[in-house]
Amino acid sequence: SQKIEQNSEALNIQEGKTATLTCNYTNYSPAYLQWYRQDPGRGPVFLLLIRENEKEKRKERLKVTFDTTLKQSLFHITASQPADSATYLCALEGNTGNQFYFGTGTSLTVIP
Amino acid sequence: DGGITQSPKYLFRKEGQNVTLSCEQNLNHDAMYWYRQDPGQGLRLIYYSQIVNDFQKGDIAEGYSVSREKKESFPLTVTSAQKNPTAFYLCASSLGGAIYGYTFGSGTRLTVV
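If you read the sequences in order, they're chains P and E. Just so you know, we're using the working numbering here: the first sequence kicks off at 14 and counts up by one. Just so you know, we're using the working numbering here: the second sequence kicks off at 62 and counts up by one.
If you're looking for bench data, these hints aren't it; they were derived computationally from the structure. Bear in mind that the values here come from a model prediction, so they are computed numbers and not experimental data. Some hints could be false.
[Said to hold, decoys possible] DMTMM-like mimics (lysine to aspartate or glutamate), calculated; alpha carbons at most 20 Å apart, straight line:
no., chain 1, residue 1, chain 2, residue 2
1, P, Lys16, E, Asp99
2, P, Lys84, P, Glu18
3, E, Lys70, P, Asp52
4, E, Lys132, E, Glu85
5, P, Lys84, P, Asp97
6, P, Lys30, P, Asp80
7, P, Lys16, E, Asp91
8, E, Lys118, E, Asp91
9, E, Lys75, E, Glu85
[What the hints assert, rightly or not] Some chain E residues flagged as far from chain P (calculated, every beta-carbon gap over 10 Å):
no., residue
10, Arg74
11, Glu123
12, Ile160
13, Thr164
14, Ser167
15, Arg170
Even for Gly, the Cβ is constructed at its ideal location relative to N, Cα and C.
The whole structure should be built from the sequences, with the hints applied where relevant.
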């Protein structure tokens, strides 16, 4: 069956450190992978998209990697700040290409 | 400002009632989506529409219905056939195609009382 797995446990890190979140998938062959941020009671906000032929993508303090052999994406936030505290969702293009499927998300807390 | 608006923010439904959740966008996006979010579960796709007057079922369409009569609007009806409707409902839109991120509304929290 198809699965998208993100760190099920909440991640707590100290301000200024780098946070690394993991997204693993099985039985998908996505050409695109996206990362979103979601705050409590709000809709997700799109952060980054990475294509299967891109190994790495950066945007300000964010970095995403995409390894189609390992079927894994890593999401890094460098120089983390308390304002980065949120749940982060990965989303994969479905096999029909018409929609994205979302993981359960990882809750990140950055401690001042 | 362009965006996507969901209303109401909170909705209470009695068992056996149908309710309709509103979703309006002024982004000129072709594609629109409805997801359901439950605690500990990822967003699950209910319905999506890539063009006016056309829509497709997602993974959990049973007990739900939609219409797409205008590009800007994609209302979701939760019918009495939906056995466990209490959830957080999210509407999204995109230009269409996998290279575009989704813009989400702020959600509607539906509770059955």
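(Q) Under the constraints set out in the numbered hints, which ones does this structure not fulfil? (A) The structure conflicts with hints 5, 6, 7, 9, 12, 13, 14, 15, although it agrees with all the remaining ones.
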